[in-house]
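> Protein chains in written order, with the working numbering: chain A, 1 to 514; chain B, 1 to 331; chain C, 1 to 304.
No lab work stands behind these hints: they were computed from the structure.
Virtual Cβ for every residue (Gly too), placed ideally from N, Cα, C.
Be aware that one or more of the hints could be misleading.
Once the Cα atoms are required to be at most 27 Å apart in a straight line, the calculated DSS-like pairs of lysine-lysine come out as [to be verified]:
id, chain 1, residue 1, chain 2, residue 2
1, B, Lys-102, C, Lys-291
2, C, Lys-130, B, Lys-99
3, B, Lys-186, C, Lys-28
4, B, Lys-97, C, Lys-28
Now the in silico label distances, taken between C-beta atoms and shown as ranges [said to hold, decoys possible]:
id, chain 1, residue 1, chain 2, residue 2, range
5, A, Ala-353, C, Leu-80, 32 to 40 Å
6, A, Gly-481, C, Leu-32, 47 to 55 Å
7, A, Asp-456, C, Phe-65, 40 to 48 Å
8, A, Asp-351, B, Trp-143, 45 to 53 Å
9, C, Ile-212, B, Gly-100, 33 to 41 Å
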Amino acid sequence: MKNFKKIALILLVSLLVLTGCGGGSDDEPEVDADESKDYSQETLVIWSFTDELQTAGDLDRFEEMYTAPGMPFEGLQIEFSAIPIQDGYMDSVLPALSAGTGPDVFTGELDHIKLFIEAGYYANLEAMMEADPDVDVAAERADYLEYIWQSGVDPATDQLAALSWQQTPGAIFFKVDMAAEIWGSETGFPEEGSDNYNGEVSEWVSQNKFNTIENLLAAQEEVKAANAQWRLFPDDQAVRFFAAGTNNPVKWIDDDGKLNPEKITEQIPYIEMVEAMYGDTIRESLTANAAEWSGPWFEAMGQDLTDAQGEKWQVMAYSMPTWGLRYIIEPNMVKVDENGDLLPKPAEDADQATKDAYEEAEYKGNWGMAVGPNSYFWGGTYLGVNADTDNSEVAYAFIKSMLFDKERLAERQSIDGDMYSVSSVMTPVIESYEGRPALGGMNHLEVFNQEAEKIDLSNITTYDRGLNDLLGAHITNFKEGASGYDSISDVLSKFYDDVQVTYPEIYVEGLPTN
Amino acid sequence: MKNINDKAGYFFITPFFLVFLLFNLYPILFTIYLSMTRYRGFGNMVFIGADNFKLIFRDPNVVNAFMNTIRIWGVNIFFQIFLALLLVMVFSDLEYKIKGLKFFRVIFYLPNLIAAATIALIFAKLLDRDYGVVNQLLFSVGWIDRSIGWLTRPLLAQMSVSGIQTWMWFGNSFILFMASVQAVNKEIFEAARIDGAGRLQILRHITLPSIKPILMYVIITGLIGGLQLFDIPFLITDGRGFPAGSLNTMIVYIYNMAFTYNNYGYASALSFALFLLIFMFTIIFALVTNRVEIKEYFRDRNERKAMNKTMNKAMEKAMPGGAPGMKGSEK
Amino acid sequence: MDQVIIRKEKAEDVESNAKVSKWKINIKKRKLLVYTLIYAFLGLLLLLSVIPFWIVLINSTRDGFAISTQGLTIRPGRSLAENYRILTTNANIIPAFFNSLKISTLVTILSGYFSALTAYGFHVYKFKGKNFLFGVILLFMMVPSQMAFLGYVQWMTRLGLMDTHTALIIPSVAAIGTVFFLRAYISSSLSRDLIESARIDGAGELHIFHRIALPLMGPGVATMSIFAFIGSWNNYLSARIILSSKSQETLPMVIASLRAMRIWHQNQGAIYLGFAISIVPIVVVFIFASKYLIENISAGAIKG
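Just chain A, same shape as in the assembly (with noise of 0.2 Å):
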């Protein structure tokens, strides 16, 4: 009977610990929780212009170690939006954010921050991780990458204002089989049958293809005498990325706060390359004409294109950031067998011999991640507080979950196989890396790596954005061969005359128009 009752106790026991605490009580996170306030009524909003904090389980387990029964934020709600900046994610926040009724915690990309910044809508985090015995700042400053972290620093104050704990460096990924079809012949094309076959490949691509401006018009030239129903790229949105054809980009404003005339000479290549890639149609096109996010772009990345003619065609290539991986080109890879037909996905209810065979199976075209001309990065979503908000201790506490508890990062990363802007967490995964599947087995995560030391996120402005749209306006006139768009000088003094009304401030006269 004794026994008996022994045996429940602690039966009792590790449920309420597995069930309640989830084995996080031995280091209960540090919180300034303010006993003046009701949480359950209170909310926490946070606006975001991916959903990815809700997808990645980071509103769970905010809601678990915080709000949850007997946690200090008891009963609080979470808001959360999710708008993409396509859809006005600006247009939405900047107004809320002037007339104080922002979100509490909200999220951007670099170019937003920076302006956010600028605006003063952020809080200071630096000042809020000092006030926490939790955070050892100038340890997690060192653990997180300089220049990540700089990109966050408010130029006023000299101290951390938004932090992101990705880095988005951007690559080539494209399909090895084609290639090898392409240029299998040329010296130095690896041997199949190697381990890092796809690796390889990818290399020798990067190296003798993909490498400069000029390389990369032949490749695609290449790529369709090859064959010509095939395309490198679905469509010049695709090279966008390599406009600077260097590394060491120039800054679009200048010390004196102007536009700045080297940037203009610098982009000159790049928007040769936009014209001779365009065609009307598809077959005097160099690329699939599948414009980024369009159903035909999604679609060539499993299957062959058909188009209003009936014609089929291929795409090669897509430029695409860390994520690109993960949640664009990965979900619409599609599988074969051994005989090269189209393995469908096998339902949930399928028996495990088929699950087992479509786990093993090749994915068609056989996926390899190559390099540019140079280095780029694409997206990554910043996290800062609300300087306007009333319940700031609660937003920290949500950043805190995620930027500062790296058992909990690691744990993320190792589900979405993203690449971490922390050395602690990424360290080890990069050194006892396997290799991504989808890329037959290539250490993908090495070379973001490389990329990712390349890049210089200190030439980044508030007008960048801007900039690079109105002058991607006039560039698509001229490829289309617009009317009054007879030569590059006349997209350069189109492009003057935009800056001219668009941003007064930045204009100055004498620009170069070749």
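Once you've looked at the hints, dock chains B and C against the given chain A.
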């Protein structure tokens, strides 16, 4: 006694004027103030006087946006009126009694009901150059051997938008024209026919004069609506008025200036310029319409009444509910 | 085609002296031909008017693969339920539907009621400044509604009304166009004697408005209200500017966001289903109210 009752009039119009002042007039004045500042959507508004207005004269996009509108409107209004008139002739013919007027009125009005946002996306999908349904159909019947860039060739893109506009509005014009014709005494038509007038003569001397006021109204509101076109060009392209800026209408331009490039001051100045332009057109058309009307049909009426009439219609079209100061005009 | 008819008509005059029997056959043949041509023309326009609806409805029941490989079909597919599942998991379409319904209904009621109130006030009473105030309304009818949207955003920001439905609903209290229309309408449908006799019976002013004037203005109010509903239901620009959080979104915003959605690839049928959800209710409402509505549009065209 009467005076006390009449004071109640203030009570009846107070809610309207309260909301009008706060949500209609004040935003307009605020926009005018904004147009004289430099403001990036955050931080301080810096007062810079007329600088933004000076920039308008140096901005080639303004002239382009205006010319785009004129082209889109011109083609649209021609076909819209042509189709509506043809339908009026069909349904008002004395010899051939065409049945189903009520049925066809409903059907032809249907395209006018759909949100322009939805229409834009449907047509963007149908008219896609390389992967769209329309080209697919044309290829399959063998009418083309080269993809047509419905939305990628500047002029064609404008014509496509004109076509969509015509599709949306011809039924509306038809209903308005038909009502005007039906208001004319049938005996006049009969008498003309007995006198040996042909169909074209009846069209010229009876039908057209009877719909002339409403015709003017359709033309004016079409132009004013065209200057405010947003949803379709914004959503059918990528929000920047591609190709070659051919779908860059004033409102699309203003929207991007404010929300993409964060130049609220200049965007407000552009809004004000657009207002002046529309105001000018309204006045010109009101004057023109009135002169013709006075001369030909309203000899017995006084000028003031005719003026009211034009304004009355202009407003009916310009303000069919929604949030004043804000709502998306489709026409 | 008109010229064909006219030419034939002239031919008829020449022939009119010919034998009666032959003439009868000719006219029969000719009439048949003209009728065929006219109905073919009407049929073509009918097809053009409804074909996009048809494509949307059919494709909303087909799966993405069928749409991109088989092109257009006449027969519906079997993926409606699947499309619905994909659509609702990827887009907030059902909450947005109810948001739109809520906003449009309130806009309709407010603009109908307050416009009637204002029009009545202007019509029935003679108070100081009446002509001036009405002149102000007249003037602002010419101000394009979209001119003020930047000022509106800044002002709503200061009032703390950004991202609220209120900012889209309240302005409908001052629907200038509706007031103008109803004031014209009221003068033909309401006699002052009626009001005077009600006053003599001791009815209060507001009571008279509610019990006597409003029912008499009913058809006019209803017409403008339905247009207010359609306008509000379809409104994209101001909703996009004012609203931001997912929970507040209206239907056109969700529809517009489908453009950039990953389900394009997964299943375009789901996108078409989204279009269908935004179109079908309004078309159904219209078809039921159409007879009545078109009469009123027509009446408006004549009375002006």
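> Failing hints, ascending?
2
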